[in-house]
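Trainee: So you can see what is in the structure, the chains are spelled out below.
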Amino acid sequence: NAGVTQTPKFQVLKTGQSMTLQCAQDMNHEYMSWYRQDPGMGLRLIHYSVGAGITDQGEVPNGYNVSRSTTEDFPLRLLSAAPSQTSVYFCATRTGASNQPQHFGDGTRLSIL
Amino acid sequence: GNSVTQMEGPVTLSEEAFLTINCTYTATGYPSLFWYVQYPGEGLQLLLKATKADDKGSNKGFEATYRKETTSFHLEKGSVQVSDSAVYFCALRPTQGGSEKLVFGKGTKLTVNP
Numbered sequence: 005n006a007g008v009t010q011t012p013k014f015q016v017l018k019t020g021q022s023m024t025l026q027c028a029q030d031m032n033h034e035y036m037s038w039y040r041q042d043p044g045m046g047l048r049l050i051h052y053s054v055g056a057g058i059t060d061q062g063e064v065p066n067g068y069n070v071s072r073s074t075t076e077d078f079p080l081r082l083l084s085a086a087p088s089q090t091s092v093y094f095c096a097t098r099t100g101a102s103n104q105p106q107h108f109g110d111g112t113r114l115s116i117l
Numbered sequence: 059g060n061s062v063t064q065m066e067g068p069v070t071l072s073e074e075a076f077l078t079i080n081c082t083y084t085a086t087g088y089p090s091l092f093w094y095v096q097y098p099g100e101g102l103q104l105l106l107k108a109t110k111a112d113d114k115g116s117n118k119g120f121e122a123t124y125r126k127e128t129t130s131f132h133l134e135k136g137s138v139q140v141s142d143s144a145v146y147f148c149a150l151r152p153t154q155g156g157s158e159k160l161v162f163g164k165g166t167k168l169t170v171n172p
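Listed in order, the protein sequences are those of chains B and X. One rule links them: number in the working numbering = place in the first sequence (from 1) + 4. One rule links them: number in the working numbering = place in the second sequence (from 1) + 58.
Pulled out of the complex, with its shape left as it was, chain B reads as follows:
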């Protein structure tokens, strides 16, 4: 039972490069979200999706794009990486019921040089 799978686990980029962080889930959850975790800041919501074909912005969306073509996958794209995007990124999923918790992946540690 894989749950929420994030790839890669680690990545180093140069400023201006682009890349896609992958998130896949096998729980048939409607909701998927991307967070970044920075020291002393807790977790901040980047983008989220309430179902295939539907995405919306979170608290810190600038510099990131998302799409949701299937229920299972929710990739996060950095079009032109900046040092300020150095962070640990977490994908999370949950069912549609509002009082249900989110299930988190193990994270992607991203460094931008």
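It is worth saying that the hints were derived from the structure and are not from the lab. Treat each hint with caution, since some may be false.
Claimed, not checked - Under the rule of at most 30 Å between Cα atoms (straight-line distance), these lysine-lysine pairs were calculated in the DSS-like manner:
#  : chain 1 : residue 1 : chain 2 : residue 2
1  : X       : K118      : X       : K159
2  : X       : K114      : X       : K159
3  : X       : K126      : X       : K159
4  : B       : K13       : X       : K159
5  : X       : K118      : X       : K135
6  : X       : K135      : X       : K110
7  : B       : K13       : X       : K167
8  : X       : K126      : X       : K164
9  : B       : K13       : X       : K118
10 : X       : K135      : X       : K167
11 : B       : K18       : X       : K135
12 : X       : K135      : X       : K114
13 : X       : K118      : X       : K164
14 : X       : K167      : X       : K118
15 : B       : K13       : X       : K164
Starting from the known structure of chain B, arrange chain X on it as the hints suggest.
Mentor: Here is chain X on its own, set in the frame of chain B:
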């Protein structure tokens, strides 16, 4: 706006000591409240939750009670173990304005020494 404030760490305890990590929140209505735990190198795992006033969430010896009158959701454990060493996050999900805008506290790092 919605916010979560939890006690700053780090917190260092000896094994079998009593643990309290304070969490207070600001939100309209009746948000759902959560405690998550993050072990080194891992993602966040749900520890416990409460969805209405006076609910008590409990799991693995940890407890937290949803106190509407004091807008608090303090985490407690009567006897901590070395394996409880981790970072603990208090979080809320508002009842209005977008159910995915889960708001997290900044986290409290707990170290338990043998």
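Trainee: Next step is simple, just say for each hint if it's right about the structure.
Mentor: Cross-check of the supplied hints:
1. X:K118 to X:K159: holds (27 Å)
2. X:K114 to X:K159: holds (23 Å)
3. X:K126 to X:K159: Status holds; Cα separation ~20 Å.
4. B:K13 to X:K159: holds (25 Å)
5. X:K118 to X:K135: Distance ~9 Å between K118 (chain X) and K135 (chain X) Cα, so the pair holds.
6. X:K135 to X:K110: holds (21 Å)
7. B:K13 to X:K167: Satisfied, since the Cα-Cα distance of roughly 23 Å is no more than 30 Å.
8. X:K126 to X:K164: holds (21 Å)
9. B:K13 to X:K118: holds (28 Å)
10. X:K135 to X:K167: Distance of about 15 Å is within 30 Å: holds.
11. B:K18 to X:K135: Violated, at roughly 45 Å.
12. X:K135 to X:K114: Given pair K135 (chain X), K114 (chain X) holds - Cα atoms ~13 Å apart, limit 30 Å.
13. X:K118 to X:K164: The hint holds at about 22 Å.
14. X:K167 to X:K118: Within the cut-off at roughly 18 Å; holds.
15. B:K13 to X:K164: holds (23 Å)
Of the numbered hints listed earlier, the single one contradicted by the structure is hint 11.
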